[in-house]
Structure formats: C-alpha cells, structure tokens
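*Asks:* What follows is each chain in one-letter form.
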Amino acid sequence: MKCRVCRGEAVIDIRRHNANFCAPHFLHHCEEQVAKTISEFEMVEPDDRVLVAVSGGKDSLALWDLLLRLGYAADGLYLGLGIEGYSEESGEHARVFARQRDATLVEVDLPADYGYDIPSGAKAAKRVPCSACGLSKRHLFDHAAQQGGYDVVATGHNLDDEAAVLFGNVLRWNTDYLARQRPVLPARGGFPRKVKPLVRLGEREMAAYCVLRGIDYQVEECPMAAGNRHLGYKDALNAIEVQSPGTKHAFYFGFLERIAPSLDTGADDEKDGLTPCIRCGAPASAEICSFCRLVDLATRDTR
Amino acid sequence: MEPSGSTGHHDGVKVLLRNPRRELEVAGPLRVHALLERLDLNRESVLVIIGGTLVPGDGLLHDHDEVEIRPVISGGSG
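As they're listed, the protein sequences go chains A and B. Numbering-wise (my numbering), the first sequence opens with residue 40 and increments by one. Numbering-wise (my numbering), the second sequence opens with residue 3 and increments by one.
Hints are computed from structural coordinates only; laboratory data are not their basis. Just to be clear, a hint being listed does not mean it is correct.
[Claimed, not checked] The following label-pair restraints were derived from C-beta to C-beta distances: (1) A/Glu48 x B/Leu18: 18 to 26 Å; (2) B/Arg24 x A/Leu109: 36 to 44 Å; (3) B/Pro22 x A/Gln282: 44 to 52 Å; (4) B/Asp65 x A/Asp86: 52 to 60 Å; (5) A/Leu295 x B/His35: 31 to 39 Å; (6) A/Leu295 x B/Pro22: 31 to 39 Å; (7) B/His64 x A/Arg297: 47 to 55 Å; (8) A/Ile327 x B/Pro22: 38 to 46 Å; (9) A/Gly188 x B/Arg33: 25 to 33 Å.
[As the list claims (entries may be wrong)] Once the Cα atoms are required to be at most 20 Å apart in a straight line, the calculated SDA-like pairs of lysine to any residue come out as: (10) A/Lys41 x B/Arg45; (11) A/Lys41 x B/Ile51; (12) A/Lys41 x A/His68; (13) A/Lys41 x B/Arg33; (14) A/Lys75 x A/Gly110; (15) A/Lys41 x B/Thr55; (16) A/Lys41 x B/His35.
Remember, it's a predicted structure, so these values are computed and weren't measured experimentally. For glycine and all other residues, C-beta sits at the position ideal for the given N, C-alpha and C.
All chains, full assembly: derive it from the sequences and hints.
*Replies:* Pasting the structure below:
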C-alpha cells in the first residue's frame, strides 16, 4: 500500500477518499481538512480567542493540537464530571497534553464547583446520564467562554458524530434538532459562537492522528455511554460505510447543502424568544434555565 | 483461536483488544484484514497498532508480534 502523495509505505487507508497516506502526509492531510473546514464555514477569524472543549479523548485533544499547529490562540476547558474510574484519568490526559505544549487549560469540576456528579445528578433529575452530561457541558462551556472573554467555543465533533446525530434526528424527524445541526452556530442571544472544525474527518482518522502524533488519550469508553442509542447509530452507519465508502460524508454534507438551508427560520425564531435565567443569567426558554433546574434537583438532598 | 494462557509464552501473534481489555493469540503470518475478519470486526471501527505506529490493512503480522486492536468509536453525543 503506497502513499498517494509520495509513494512511500502507507500506514492508513481512507476508503472514502480512495487514498492511502504515509504518516507525515496523513498528518498534513488532517491539517488541510481542518483549515479548509474553518475557512469554508467561516468558523474562526485569525484574531479570535478560541476555547476548546477538552474531554481527554482523541477528538478534542486532536482538535486542540490541530488548532495550535494552525496558529490559533486556543485554550482548553476540561470539565470534571465526577465519573468514578473515568474522569480522573481523562482529566490527567488533558493536563499532560497542556503541559507538554505550554498551553492553557481551564478546569471546572462539577462535584467541587457545583456539588453534584453526573451519575448521581442524572438519577436525581430523572435524566439519562448522557442527557445530564450534555446539558451540563453546553451550559458550562458557554459560561466559561463568556467569563474568559473567548470569541468562540470549538468542539471535537467529527464526521461520524455528526452523521450519527443526523441519522437519529432523521429517524425520528426531530425537526427542531435538525435545524440546529450546523458546523457553525453564530453567537446569538448571549451564546458564544460554536464551531465543529473536525466535521470533514472521521473518527478513525482522529484516533490515527493521535497515535501518529504521540498524543496519549483516554481510550477506554465512558462507562455511562456504554450501549447508548448514539453508539447503535454509529454501528449501523459503519455497517453501511464498509459496503459503500463515502456514505457518511454524502449523508452529512448532502444535508448541509440541500436540506439545512430550508430549516433556517425555525431555529432563529426560537433563539430570539429566550430570556435571561433569573438565577445565572444564561439565555433560557423558562424563568429558570435547564442547567439551574438540574443543579437544584441534583443537590436537593445535600442542601 | 484460543485465549492466551497464563504461562507468558507467546509463539503466535499476540493480540490485545480493548473495551473490555482482553488478549488472544493467533497463528502468524496473517494479514491485518484477515485478522479483523476472523474477529468479526468492522475495519471502520478499529485501528491496528504495533509499537506506537499504525499497520495498514494489507500489513503482514508475524509470530511474536504484539498487536493492539484499538476501537475508535466513542459514545458521547454532546
């Protein structure tokens, strides 16, 4: 197997591009894809301060590395979720990464700073753990970006993530969610701009990027996510992809080009109707925002 | 293909699987594609790693190689 660029020995094949790459040209390919995505979707301006949502996993650490290499002023934010046997190790991966690059890592710890962890908080609020986790992350990333004066929050969602979310939303025709599924959400109504610069790169490519760059990441799966619906969608899409390479890319980018533009209005109207939460000031669709309600329920027995 | 014994001797290709972590031993030589097929693993869902670098699908695995098959699928959706 030969590298498409230099004809040297390849280490990875990317079947949807019908291409093989040696290590240096694969790493260059990843940088190119991210630079192209940022430019095409006008994600980040050269002078922007970027806050990268870092979990300690492959996608977010690869994203942080790529943004730094492309010359962006990118700090990391690690959110300690209090998941036993998982959060400590993933936090350490993020810290080591930051130390090695002399990069700034901001840390927020749910148990220490907000009085709950994801497993018990989800139970108290009668939510599935991934729902309580997603809600906490979205709120605290927004909050940290505002507090720190960042222009944009970057997340490590890759092509597989986006295709799986799209698949789930289409299967259930969740049109509200479909309208918001964009690689860029502009700053609006108190929310910072949100960007997903990895949407052209697959999950396997992000893991390969970390291996070839020597980035030590959290390989073990989050115990809370095991068997969730999202993983089932990914398996289903990969079963199709292996028979028909390029399907995930065609599905997601076809949606962005042909369907997403017609879904604009609903999403914008909804955002315009938000008012500040009376507790924390975050934009909310009710008097008290979903995050503050979650904290109330999660800490009810400890107050 | 049998799970490796507790003797510590590895005559074949030693294969480390993750999530959950377990070890197998298979007779070499064999191609990466063939190993993944035998383990019923989708090539889109894993990387094959020897000594910190990647082995492509047509790579040949030999007896005494220590191979990690690393899953690349993660479940976070937010």
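*Asks:* Please go over all the hints and tell whether each is borne out by the structure.
*Replies:* Quick rundown of the hints versus the structure:
1. Remark: the range hint 18 to 26 Å for A/Glu48 to B/Leu18 is upheld by a beta-carbon distance near 23 Å.
2. Our hint of 36 to 44 Å for B/Arg24 and A/Leu109 holds, since their Cβ atoms are close to 39 Å apart.
3. For B/Pro22 and A/Gln282, the hinted distance range of 44 to 52 Å is not satisfied, since their beta carbons lie about 28 Å from each other.
4. Taken as a hint, the range 52 to 60 Å holds for the pair B/Asp65 and A/Asp86, whose Cβ atoms sit roughly 56 Å apart.
5. A/Leu295 and B/His35 have their C-beta atoms about 33 Å apart, which keeps the hinted 31 to 39 Å range intact.
6. For A/Leu295 paired with B/Pro22, a C-beta distance near 37 Å keeps the hint of 31 to 39 Å intact.
7. Checked against the hint of 47 to 55 Å, the pair B/His64 and A/Arg297 passes, with Cβ atoms roughly 49 Å apart.
8. Our hint of 38 to 46 Å for A/Ile327 and B/Pro22 holds, since their Cβ atoms are close to 41 Å apart.
9. A/Gly188 and B/Arg33 have their C-beta atoms about 53 Å apart, which leaves the hinted 25 to 33 Å range violated.
10. Distance hint between A/Lys41 and B/Arg45 is fulfilled; the C-alpha atoms sit about 19 Å from each other, no more than 20 Å.
11. Between A/Lys41 and B/Ile51 the alpha-carbon distance is near 18 Å, which keeps this suggested pair within the 20 Å criterion.
12. Pair hint A/Lys41 plus A/His68 holds up; C-alpha atoms about 15 Å apart against a cutoff of 20 Å.
13. The straight-line distance between the Cα atoms of A/Lys41 and B/Arg33 is roughly 16 Å, inside the 20 Å bound, and the hint therefore holds.
14. Using a Cα cut-off of 20 Å, the hinted pair A/Lys75 and A/Gly110 holds, with the two alpha carbons roughly 14 Å apart.
15. A hinted pair counts as satisfied when its Cα atoms are at most 20 Å apart, and A/Lys41 with B/Thr55 qualifies at roughly 16 Å.
16. For the hint pairing A/Lys41 with B/His35, the CA-to-CA distance comes to about 17 Å; that is within 20 Å, so the pair holds.
When held up to the earlier numbered hints, the structure conflicts with 3 and 9 and fits the remainder.
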